[in-house]
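2 protein chains.
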Amino acid sequence: MPQTTSPTFPSWPDVAADLIAVAAGRAPADTVIKSGTWVNVHTREALPDHDFAIRHGRITYVGPDAGHCIGPETEIIEADGRYMIPGLCDAHMHIESGMLTPAEFARAVIPHGTTSMFTDPHEIANVLGLEGVRMMHDEALMQPVNIFTQMPSCAPSAPGLETTGFEITPEDVTEAMTWPGIIGLGEMMNFPGVTNADPKMLAEMAATAKAGKTIGGHYASPDLGPAFHAYVAGGPADDHETTSEAEGIARARQGMRAMMRLGSAWYDVESQITAITEKGLDPRSFILCTDDCHSGTLVHDGHMNRVVRHAIDCGCDPIVALQMATLNTATHFGLEREIGSLTPGRRADVILTSDLKTLPIEHVIARGKTVAKNGTCLVDCPHYDWADSARQTVNMARDLTAEDFEIAAPDGTTEVTCNVIGVVENQAPTKALKRTLPVRGGLLEPDEQQDVCQIALVERHRATGGVVNALVSGFGYQGPMAMASTVAHDSHHMIVVGTCRTHMAKAANHLRALGGGVTLWRDGHEQASVPLPVAGLMSDRPAREVADLAQALTTAMQDAGCTLNNAYMQHSLLALVVIPELRISDLGLVDVRTFEFTDLFEDT
Amino acid sequence: MPQTTSPTFPSWPDVAADLIAVAAGRAPADTVIKSGTWVNVHTREALPDHDFAIRHGRITYVGPDAGHCIGPETEIIEADGRYMIPGLCDAHMHIESGMLTPAEFARAVIPHGTTSMFTDPHEIANVLGLEGVRMMHDEALMQPVNIFTQMPSCAPSAPGLETTGFEITPEDVTEAMTWPGIIGLGEMMNFPGVTNADPKMLAEMAATAKAGKTIGGHYASPDLGPAFHAYVAGGPADDHETTSEAEGIARARQGMRAMMRLGSAWYDVESQITAITEKGLDPRSFILCTDDCHSGTLVHDGHMNRVVRHAIDCGCDPIVALQMATLNTATHFGLEREIGSLTPGRRADVILTSDLKTLPIEHVIARGKTVAKNGTCLVDCPHYDWADSARQTVNMARDLTAEDFEIAAPDGTTEVTCNVIGVVENQAPTKALKRTLPVRGGLLEPDEQQDVCQIALVERHRATGGVVNALVSGFGYQGPMAMASTVAHDSHHMIVVGTCRTHMAKAANHLRALGGGVTLWRDGHEQASVPLPVAGLMSDRPAREVADLAQALTTAMQDAGCTLNNAYMQHSLLALVVIPELRISDLGLVDVRTFEFTDLFEDT
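Protein sequences appear in the order of chains A and B. The opening position of the first sequence corresponds to residue 1 in my numbering, with each subsequent residue numbered one higher. The opening position of the second sequence corresponds to residue 1001 in my numbering, with each subsequent residue numbered one higher.
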């Protein structure tokens, strides 16, 4: 049971004497919730006619009648027979994916009943290193809900294949394990490193294990042979990269927790939950998470409530689905005595809902305080004072010109067969495509008819002036346009995709001026933008504002001819050199099937 | 995940590189188990045709074919289709109850497939304090199986009601939490202390929680009202004192683990397992344990294998029963990544059995080595070099005489109605009886016709010369006899029960000479004895020898007229002033319903 808590929130032992006094009836509770149906995730029961008593933000009594805990100052909340369920836990997620700071992310998800998040600030780690992780961690601890931080493990994600703003070292991990809000190691994405016993990866995992914390996993390969077994033997304790029932079951059988995700663009629950609903496996090893959610999803669709509802819609028993978003998660992180169930001593994170299947989030209590009602956040989510170093991170040597995006074709060619990154609708993996493209004036040209654009990776951490040019297919862009983003997993340089080199230069230069974000240019003008001043990744504006800007951006992408769902996320993942098949990095075009660089031109 | 391991056994991170190499097929395993049926306690499945590979005593590969892990030196064990189940865990137990040292206890239970024990050396703590706990802890860590130590919490068990050899303080607990083999706090028996927020008890629990370890519980009261809720709010995480389905369910619902015990004299599984088999509750919060086993049980009936079989006989699904003796226990103590399932990285504690229902323990592997086959222990269980302080613990001021056991009746009485301790067959609680006894020559006399003997508590820790006399009913002794024992839970003074004061003195003096143990005298001669030289509690002779001596003692008790099952244990529990209703201590007769002293005579 790691002592991971906000420094300002007392531990159970700190307040045990008072909790005992309330439960015994010798002292009044701060709050009593009366006459609800207790959803018990330990025994898997719904028990009508129960009261809760709360003191110091912790549950101190759950029983048939908390009358003996009520004093003149005790606040009474009437559950009126509604279900009382534990606050929902997101077992693995990246706050940066919402393009929001932790405070604004919390403000967005609290009305959805999320009261605990296990967040891996991997994105900022690539931009700002350990210092960035600490800023995220510190803002997390300021919030009225529980935001536990997983120390990022892989910056760079794929050493040798990309250059990040900063690198994370085993020494960084060792230091982070001493911070109060660190719950474990973030997803160990460098699975070839683990399989090959890379001493650096092993040292990070050892530092985590020695601190008694949980090692997050990420094995994004369909290979379930010796490489998979070697990864498991290395120590990662969970995996959220599985997409099929067989993959999820393989993780659970090997003693890992299988995390099933429903993010804005991940739909991995339906295909795996049959392990429970059809195969009848013990659900304790299965956990729900989001991994990545856009601000729009948070504003319009929900967060973990959306995931739990979806699991129920897939045929899962509602209490089993809730276990996978509460107790299973708490157990996994060694926090069973702290969160994840409505039982004495735990943080009083409670949702009142009148229906266990549709799960309307009517009243959210976190640490004993009402934080949201009927979709409205009623609590302050304090902002961290982000340092200048976090707000000025687009570090380019100079403005770019169209020439920076030129791709010289091999001498004397009129067309060239190229390796093209193929975006796949609704999936993170790309396809390695071959396309034959025209050459004009010695330069390779994008080809709207084949839906092939240019893509460029613009270095933005060390002002090297580096621009790597390649090709991408699948966006469907028509006419002169370009879109640029400093959200460019995982190294978070700048990705520019366009049909026109002049527009690409304009978009890139605009982001430089803006200090980071996303911008779409077309017909010579900016059509939409989302400023992301914090690390070029996050906005400290409310989720609704960011969602509206992001929606405008999506509309602008559609206006430019893009028909993909989640087109923005697809854009931002094109440099993710740990997920197959083909990606771009600041060092070149990467074949992630082999973890080797490959040439743009097929024949060279 | 506490780093609780033998200093001589490498941690997973210590050997991760080698485990990875074997799983990947780059290096040979030490041992491969071929072609078994993998009992997977994570998913609750039995999966035929699986191989295990083992390296450095840890599992490194589980899959369909470990051929790639086999080198010329690899030992091959053929499972021949048999079930491969995790080594069994006893979640709460007292080694001293077997009257054996940890080494001899381990030697007795290894052939039964017990490979992990969570032991609370509470008895020796009362006799020798922290030093005694350390000796037990150190011998535990020398063994070839996993003996985790729970730091005793309550010596004395009921402060103010008894005087122990040593007291355990919060400072002791804080120190013990730094020892390598300490897994948590032993059963918090002082439940009135917790309910009343006794600062000492709270400090012990806080020290445990702050060390990230598990607080053991013991709430031995049928009261499920505010007192129970106050106890839960205090922090204990489990309870093994429940005897009914309702009590077990109450613990599980409140977020504690309900430990169901089948000891030599505890039969608490059948009455509680219906929570799972009939009520269909999630079994994850239920755990099996023994609490107390005699050497005879270990030699003739088994250990945790007996408990699991019994659970299956009660209608429990075999894999669910195994979960309650493996994974559930590991999870409870934060050891999920170390023991409790047959998955990579965990200690290779494996049982081969050809039948999942009758559970014959055919082959036991602990930490990768064969330790038993077909009931025979094949491994050395090293003895600790017990200090003289641990071998000379019967510290009486002088030999006693019959006069020491005289009970003066109130002046002028010819008979007196007395409060008599009533032994209840097959139960730990006693009854507070009233019996009217004759007075002869001013002295109260025991009465065979009413089955009332004398009982005396002889002080043996500080040579105070104290003897407390009282009355007990239920043994059925006939004719002049006495039985004395230095096993006298929990303060472990000496309990002498007899029909004759002369015999009582003889028995007590004999134990003084022997350095502790149990002895039965009748018709002027010793009939049987069990020498227990270590702390007056344990023998370092093999279990079979001790069991034979104990059997001879039982026969002698029967010959003396006693018809109770487990008569010896009933004898040794008569000073246990934490279990209702009436008990004896060195300070007097105790009514455990009120935790107050009471008079021997009803009217005074």
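Hints should not be assumed to be uniformly reliable.
[Said to hold, decoys possible] Here are the simulated DSS-like pairs of lysine-lysine, each with C-alpha atoms no more than 27 Å apart in a straight line:
{"id": "1", "chain 1": "B", "residue 1": "K1210", "chain 2": "B", "residue 2": "K1200"}
{"id": "2", "chain 1": "A", "residue 1": "K369", "chain 2": "A", "residue 2": "K357"}
{"id": "3", "chain 1": "A", "residue 1": "K279", "chain 2": "B", "residue 2": "K1210"}
{"id": "4", "chain 1": "B", "residue 1": "K1200", "chain 2": "B", "residue 2": "K1431"}
{"id": "5", "chain 1": "A", "residue 1": "K373", "chain 2": "A", "residue 2": "K357"}
{"id": "6", "chain 1": "A", "residue 1": "K357", "chain 2": "B", "residue 2": "K1279"}
{"id": "7", "chain 1": "A", "residue 1": "K34", "chain 2": "A", "residue 2": "K279"}
{"id": "8", "chain 1": "A", "residue 1": "K200", "chain 2": "A", "residue 2": "K279"}
{"id": "9", "chain 1": "B", "residue 1": "K1357", "chain 2": "B", "residue 2": "K1373"}
{"id": "10", "chain 1": "B", "residue 1": "K1357", "chain 2": "B", "residue 2": "K1369"}
{"id": "11", "chain 1": "B", "residue 1": "K1357", "chain 2": "B", "residue 2": "K1279"}
{"id": "12", "chain 1": "A", "residue 1": "K200", "chain 2": "A", "residue 2": "K210"}
{"id": "13", "chain 1": "B", "residue 1": "K1034", "chain 2": "B", "residue 2": "K1279"}
{"id": "14", "chain 1": "B", "residue 1": "K1369", "chain 2": "A", "residue 2": "K279"}
{"id": "15", "chain 1": "B", "residue 1": "K1373", "chain 2": "A", "residue 2": "K369"}
{"id": "16", "chain 1": "A", "residue 1": "K210", "chain 2": "B", "residue 2": "K1279"}
{"id": "17", "chain 1": "A", "residue 1": "K34", "chain 2": "A", "residue 2": "K431"}
{"id": "18", "chain 1": "B", "residue 1": "K1357", "chain 2": "A", "residue 2": "K210"}
[What the hints assert, rightly or not] Coverage of chain A stretches by chain B, computed from C-beta distances (three or more under 8 Å per stretch; other residues unrestricted):
{"id": "19", "stretch": "71 to 82"}
{"id": "20", "stretch": "135 to 141"}
{"id": "21", "stretch": "155 to 164"}
{"id": "22", "stretch": "243 to 253"}
Hint data in this document are derived by calculation from the structure and do not stem from the laboratory. Backbone N, C-alpha and C fix where the C-beta goes; we use that ideal spot for every residue, glycine too.
Evaluated hints:
no., hint, result
1, B:K1210 - B:K1200, "holds, 15 Å"
2, A:K369 - A:K357, "holds, 25 Å"
3, A:K279 - B:K1210, "violated, 40 Å"
4, B:K1200 - B:K1431, "violated, 30 Å"
5, A:K373 - A:K357, "holds, 19 Å"
6, A:K357 - B:K1279, "holds, 22 Å"
7, A:K34 - A:K279, "violated, 39 Å"
8, A:K200 - A:K279, "violated, 39 Å"
9, B:K1357 - B:K1373, "holds, 19 Å"
10, B:K1357 - B:K1369, "holds, 25 Å"
11, B:K1357 - B:K1279, "holds, 22 Å"
12, A:K200 - A:K210, "holds, 15 Å"
13, B:K1034 - B:K1279, "violated, 39 Å"
14, B:K1369 - A:K279, "violated, 35 Å"
15, B:K1373 - A:K369, "violated, 59 Å"
16, A:K210 - B:K1279, "violated, 40 Å"
17, A:K34 - A:K431, "violated, 56 Å"
18, B:K1357 - A:K210, "violated, 39 Å"
19, 71 to 82, "violated (count 0)"
20, 135 to 141, "violated (count 0)"
21, 155 to 164, "violated (count 0)"
22, 243 to 253, "holds (count 3)"
Hint compliance for this structure: hints 3, 4, 7, 8, 13, 14, 15, 16, 17, 18, 19, 20, 21 are broken, all remaining hints hold.
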